[in-house]
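J.: If you want the building blocks of each chain, they are given just below.
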Amino acid sequence: MNIIKLKEIAKQIRRDIVTMTGTARVAHSGSALSAVDALTALYFNFMKLNPKKPNWPGRDRFILSKGHAATALYAALANRGFFKKEKLKTFAQNGSHLTCHPSIQNVPGVEATTGALGHGLSIGVGMALAGKRDNNKHNIYVMISDGECDEGSVWEAVLFAGHHKLNNLTIIVDYNKIQSFGRTAEVLDLEPLTEKFKAFNWWTKEVDGHNLGELLSVLKEAKKIKNQPQCLIAHTVKGKGVSFMEDRLEWHYWSPSGDLLKKALEELA
Amino acid sequence: MRKAFIDTLFELARKDKNIFLLNADLGFSVLEKFNQAYPKRAINMGIAEANSIGTAAGLALSGKTVFVYSIIPFVTFRVLEQIRNDVAMQEANVKIVGIGSGWSYGSLGATHHAIEDIAVLRSIPGMRIVCPGDPIEAAAATKAITKTKGPFYFRLNKAGDPIVHKTIPKFRIGEAIQVRPGKDLTIITTGNALPGGAIVSDILSEDGLSVRLISMHTIKPLDEATVKKAAKETKAIFTLEDHNILGGLGSAVAEILAENRFGGVFHRFGAKDAFTHIAGPHDFLREHHGLSPKNIARVIRRKIA
Numbered sequence: 001m002n003i004i005k006l007k008e009i010a011k012q013i014r015r016d017i018v019t020m021t022g023t024a025r026v027a028h029s030g031s032a033l034s035a036v037d038a039l040t041a042l043y044f045n046f047m048k049l050n051p052k053k054p055n056w057p058g059r060d061r062f063i064l065s066k067g068h069a070a071t072a073l074y075a076a077l078a079n080r081g082f083f084k085k086e087k088l089k090t091f092a093q094n095g096s097h098l099t100c101h102p103s104i105q106n107v108p109g110v111e112a113t114t115g116a117l118g119h120g121l122s123i124g125v126g127m128a129l130a131g132k133r134d135n136n137k138h139n140i141y142v143m144i145s146d147g148e149c150d151e152g153s154v155w156e157a158v159l160f161a162g163h164h165k166l167n168n169l170t171i172i173v174d175y176n177k178i179q180s181f182g183r184t185a186e187v188l189d190l191e192p193l194t195e196k197f198k199a200f201n202w203w204t205k206e207v208d209g210h211n212l213g214e215l216l217s218v219l220k221e222a223k224k225i226k227n228q229p230q231c232l233i234a235h236t237v238k239g240k241g242v243s244f245m246e247d248r249l250e251w252h253y254w255s256p257s258g259d260l261l262k263k264a265l266e267e268l269a
Numbered sequence: 001m002r003k004a005f006i007d008t009l010f011e012l013a014r015k016d017k018n019i020f021l022l023n024a025d026l027g028f029s030v031l032e033k034f035n036q037a038y039p040k041r042a043i044n045m046g047i048a049e050a051n052s053i054g055t056a057a058g059l060a061l062s063g064k065t066v067f068v069y070s071i072i073p074f075v076t077f078r079v080l081e082q083i084r085n086d087v088a089m090q091e092a093n094v095k096i097v098g099i100g101s102g103w104s105y106g107s108l109g110a111t112h113h114a115i116e117d118i119a120v121l122r123s124i125p126g127m128r129i130v131c132p133g134d135p136i137e138a139a140a141a142t143k144a145i146t147k148t149k150g151p152f153y154f155r156l157n158k159a160g161d162p163i164v165h166k167t168i169p170k171f172r173i174g175e176a177i178q179v180r181p182g183k184d185l186t187i188i189t190t191g192n193a194l195p196g197g198a199i200v201s202d203i204l205s206e207d208g209l210s211v212r213l214i215s216m217h218t219i220k221p222l223d224e225a226t227v228k229k230a231a232k233e234t235k236a237i238f239t240l241e242d243h244n245i246l247g248g249l250g251s252a253v254a255e256i257l258a259e260n261r262f263g264g265v266f267h268r269f270g271a272k273d274a275f276t277h278i279a280g281p282h283d284f285l286r287e288h289h290g291l292s293p294k295n296i297a298r299v300i301r302r303k304i305a
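Chains as they are written, first to last, in this note's numbering: chain R, 1 to 269; chain H, 1 to 305.
By construction, these hints were calculated from the structure, which means they are not laboratory data.
Check before you lean on any hint, since a few could be wrong.
To be verified - Chain H residues, not near chain R, derived (Cβ > 10 Å throughout):
1. K15
2. K33
3. K64
4. G109
5. H112
6. M127
7. I163
8. K220
9. F262
10. H289
Stated by the list, open to error - Just some of the chain H residues that point at chain R, by a computed CB distance under 8 Å:
11. N51
12. T55
13. L59
Predicted, not measured: the structure shown is a model, and the values here were computed from it.
Virtual Cβ for every residue (Gly too), placed ideally from N, Cα, C.
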């Protein structure tokens with residue numbers, strides 16, 4: 001798929017995100033918007049998938065460890081054909097399976113139940129290990145957030161994957177520089193982050209997390225790596241795509257409803 | 001008990017190539033044979049329990065049957081959220097194997113004791129809890145939990161447990177074993193409180209009492225029918241466990257009795273709701289908590305007098 005088409009899809013996913021969060025009046029729209037381009041690259045031009053057979057054993061796996069960006073995942077899955085787009089309208093409504101953090105139960109394409117930070121990477125490590133032992137060819141992709149790197153369990157998993165040379169495992173760090181209650185640089189500075197992953201024996205590369213072409217070429221490069229897991233540190237902007245939401249902490253909590261939703265959709269038209 | 005477990009798992013793993021055994025850098029003199037025989041499926045995760053449980057869940061979601069082996073506090077309390085979210089919530093086929101029930105690691109101190117684990121794990125939806133009463137039950141239970149898909153907490157004593165069962169009993173998850181028949185009173189034990197329960201029943205039998213002894217090896221799902229039957233057929237029920245009296249076997253049995261209007265005598269024997277800050281072997285610390293067979297027999301006599 002060419003980049004113009006991918007950009008269109010990314011925009012559609014962003015429209016779905018603001019519509020879902022704005023209608024349901026729930027938090028985390030900014031965190032979902034920063035993740036969109038990496039998800040678009042993975043789901044629409046990179047991972048081996050079969051939306052009609054979500055449990056096909058040969059598929060690549062994606063785990064959204066930053067589960068609070070569930071709307072981005074749901075929108076990607078729906079637009080990719082894992083379930084009907086109509087279902088997105090039920091997001092966070094009474095009785096809906098589309099909860100604000102994703103569950104493996106009842107949502108086709110969701111590979112792990114996430115929402116508590118610091119869990120998804122270890123699950124991905126287990127899947128990668130199983131893949132190695134069974135000589136499978138599929139890859140495991142895990143998206144973690146920057147704030148999530150505060151969790152000690154992340155580094156247990158990073159140490160393990162580096163030691164065991166799990167080259168079928170790729171992390172994307174959605175580095176939007178804002179965590180729940182402040183800027184990462186101020187709350188608990190992660191820098192130097194690239195050097196940290198390198199020190200744990202990961203192939204690591206920084207990438208513009210909103211540049212689809214760059215994301216795809218680095219993913220391609222990562223896939224060729226032998227003997228090392230790979231980490232893409234994706235520099236992103238919280239709330240990316242909607243001017244009044246970009247790079248603002250408030251959009252970890254606020255939802256773009258009413259006139260703001262209208263305005264957001266105009267910008268994403 | 002842990003030897004009965006690992007010997008059985010060793011045999012099962014010979015045929016079942018999906019069995020994985022993760023440890024968090026321990027198992028000296030216990031796991032070596034398994035690790036050497038199945039190096040690809042025996043993984044030392046390092047001293048990193050959170051990642052151990054998450055990795056186990058990921059392996060299980062990829063079709064593996066995964067055992068995670070460690071000392072109880074490290075494989076339960078430290079990783080409670082991983083057990084809840086990654087294992088139970090996802091119905092992952094992971095068996096948490098906790099070694100050192102009660103005061104098995106007596107002299108190592110309070111950090112290594114385990115008197116709260118059943119209470120905590122019992123409240124997690126979908127988590128089944130199996131506490132075998134002796135090495136024979138431990139071997140049978142290992143087979144049963146391997147065969148049964150889904151999350152389990154398998155609570156074991158360390159070593160040196162006496163064998164209580166003279167013959168190999170029928171073992172089914174969720175079905176208590178009646179070790180001895182009796183009409184006057186019932187003693188229900190779980191885990192390695194069983195040998196102590198057997199001694200208590202010996203003492204009371206000498207007084208002419210007919211004591212029913214039950215090994216409640218599965219705490220969850222609890223065998224309600226066996227509890228109700230005992231409530232109907234005997235006038236007094238006593239529970240005995242190497243666990244806090246809050247939230248363990250005694251609490252689980254009390255819930256059944258209370259809801260079924262049991263009018264007889266009921267008493268829970270277990271750890272006082274207190275950490276144990278003194279050293280000593282298992283039996284010594286049991287005695288410290290009033291759990292010597294002699295003292296238990298004394299209290300029972302008083303209760304039914």
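J.: With reference to the structure, classify each hint as holding or not holding.
T.: Hint-by-hint comparison with the structure:
{"no.": "1", "hint": "K15", "in the structure": "holds, 17 Å"}
{"no.": "2", "hint": "K33", "in the structure": "holds, 20 Å"}
{"no.": "3", "hint": "K64", "in the structure": "violated, 6 Å"}
{"no.": "4", "hint": "G109", "in the structure": "holds, 24 Å"}
{"no.": "5", "hint": "H112", "in the structure": "holds, 21 Å"}
{"no.": "6", "hint": "M127", "in the structure": "holds, 15 Å"}
{"no.": "7", "hint": "I163", "in the structure": "holds, 36 Å"}
{"no.": "8", "hint": "K220", "in the structure": "holds, 21 Å"}
{"no.": "9", "hint": "F262", "in the structure": "holds, 38 Å"}
{"no.": "10", "hint": "H289", "in the structure": "holds, 34 Å"}
{"no.": "11", "hint": "N51", "in the structure": "holds, 4 Å"}
{"no.": "12", "hint": "T55", "in the structure": "holds, 4 Å"}
{"no.": "13", "hint": "L59", "in the structure": "holds, 4 Å"}
Checked against the numbered hints given earlier, the structure breaks only hint 3 and satisfies all the rest.
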